[in-house]
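Participant: Now for the letters of each chain:
2 protein chains.
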Amino acid sequence: MSDVLKIFKIGGGIIDDASQLGLFLTELARVAGPKILVHGGGKGASQMLQDLGIEPNMVQGRRITDAATLDIVTMFYAGKTNKQIVALLQQRGVNALGLSGADGNVIRATKRPVKDIDYGFVGDLNAESVNSELVVQLLRANVTPVFCAITHDGQGQLLNTNADTIASVLACALTSAYRVELHFCFEKDGVLSDISDDQSVIKNIVPKQYQQLKAAGVIAAGMVPKLDNAFAALAAGVDKVVIENALKINEPVKTVLCRS
Amino acid sequence: MSDVLKIFKIGGGIIDDASQLGLFLTELARVAGPKILVHGGGKGASQMLQDLGIEPNMVQGRRITDAATLDIVTMFYAGKTNKQIVALLQQRGVNALGLSGADGNVIRATKRPVKDIDYGFVGDLNAESVNSELVVQLLRANVTPVFCAITHDGQGQLLNTNADTIASVLACALTSAYRVELHFCFEKDGVLSDISDDQSVIKNIVPKQYQQLKAAGVIAAGMVPKLDNAFAALAAGVDKVVIENALKINEPVKTVLCRS
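Keeping their order, the protein sequence lines are chains A and B.
Its first residue numbered 1, the first sequence is counted upward by one per residue in UniProt numbering.
Its first residue numbered 1, the second sequence is counted upward by one per residue in UniProt numbering.
Each hint can be trusted.
If the Cβ cut is set under 7 Å, some of the chain B residues that face chain A in the computed set are:
| hint | residue |
| --- | --- |
| 1 | D51 |
| 2 | M75 |
| 3 | A78 |
| 4 | K80 |
| 5 | Q91 |
| 6 | N95 |
| 7 | L97 |
| 8 | G104 |
| 9 | N105 |
| 10 | H152 |
| 11 | G156 |
Straight-line distance between alpha carbons at most 35 Å, and here's what the computed DSBU-like set of lysine-lysine pairs gives:
| hint | chain 1 | residue 1 | chain 2 | residue 2 |
| --- | --- | --- | --- | --- |
| 12 | B | K248 | B | K226 |
| 13 | A | K111 | B | K43 |
| 14 | A | K248 | A | K208 |
| 15 | A | K111 | A | K43 |
| 16 | B | K240 | B | K214 |
| 17 | B | K226 | B | K43 |
| 18 | B | K111 | A | K43 |
| 19 | A | K43 | B | K43 |
| 20 | A | K214 | A | K226 |
| 21 | A | K115 | A | K208 |
| 22 | A | K248 | B | K111 |
| 23 | B | K43 | B | K240 |
| 24 | A | K203 | A | K214 |
| 25 | B | K248 | A | K111 |
| 26 | A | K203 | A | K248 |
A short, non-exhaustive set of chain B residues, derived as facing chain A with CB atoms under 7 Å:
| hint | residue |
| --- | --- |
| 27 | D71 |
| 28 | T74 |
| 29 | K83 |
| 30 | V86 |
| 31 | A87 |
| 32 | L88 |
| 33 | S100 |
| 34 | D103 |
Think of the hints as simulated: they come from the structure by calculation, not from any bench.
Don't be surprised by glycine CBs; every beta carbon is placed ideally from N, CA and C.
Taking the hints into account, I'd like the entire structure generated from these sequences.
Facilitator: This is the structure in structure tokens:
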């Protein structure tokens, strides 16, 4: 129970920049011990939809994952992006293995119920979504699982799923076998107390302080869902959540969220 | 050493027909014991290249896998086709897990050397290409690996690779842990002694007889590379090679190739 598992999540910004992605993966290869990478999408899928003349299906300003869109995002996320990352990690000596949620039934989702909007083939996750047994077996075999943001419903349907949420539910589920650290990596050095000052990284945030910062409008709007998610993971047993620069994961500058 | 491992290979014809693919996967789910599926491509990738206005790069009548083509085939084979098959097998109660050769470094290839033609990003395999340890671990965990025809060179480069060859080298490598049966599935019931008569399935062929049939021109030209491959696998220790109809894998009609 005492091994530390580090789960890293990277988003579209870094995936779209081959040179930054390479630098991040080099840093990731330097991280010792069991680790998992979860990656989001990037702009490639949208560009390809446009190139193929597939109009974005928008309802009330939200993009709908219709069948054509699901095909393209599956190809991009599970195909191109996932396999390129795996090959680049292999090059760096990391025994990476790419997974969608369908593979080994590791993440089973539920198609989002239709209320006001039918989001299409989008998967929602809950605490029971992760089949952690196989993930633990892979980690114990020194494999580094690399998750894309595609899951399935167990009935043959693939589902487009939020990568931050995948990272969080994996982190929570794997607390059964590890002390888990969840690392959200992006282009800033951490949570900033002054959005216009990249040096204003808040070193530690506890839940009470987070509520105060949020109320005072100090936390950038885009960070709120990510941090809500992060504190929920902490409450569910994840040891530590870190918000950090994807290119500086081995440097001390970062924001560490703590349970108390 | 006495468990029988069955490796099935399906080609593009069945992948392009969703209803036939579903029927095949239902039959595959009925096959007991450890099993592996290897799948080829299908016409989707070529169609998408055409839709994107990417001209086929042909040299001396052979298609070259340039960088743009590799991107698209990786998306199709490792992304769409592989994940759809995995999700459909999960639906059928089979704990499938999709793999390219890069995943877990299970199949490492060498970029085809340039002689008369530079085939581009095409991978050649040899007897040392397969890292069978992880594949055996997955099989022992009741996982059914599903291989697409994409491999890597260990230096970060993905490579387009012949699916028949992947099936053969996997079969040969896994003889270290299993008695291996290699099943090449296609649209006919087996090797025909009369190409115009679908009922003329040859039940058994031993190497000597194969040479005679080949010399007499009885074996259809398209079958020759497949059968050469198959007999090579037999010679390398594979227990049995079967040529059969993808929709009739659980029926007795088929051609069984035997070592003697």
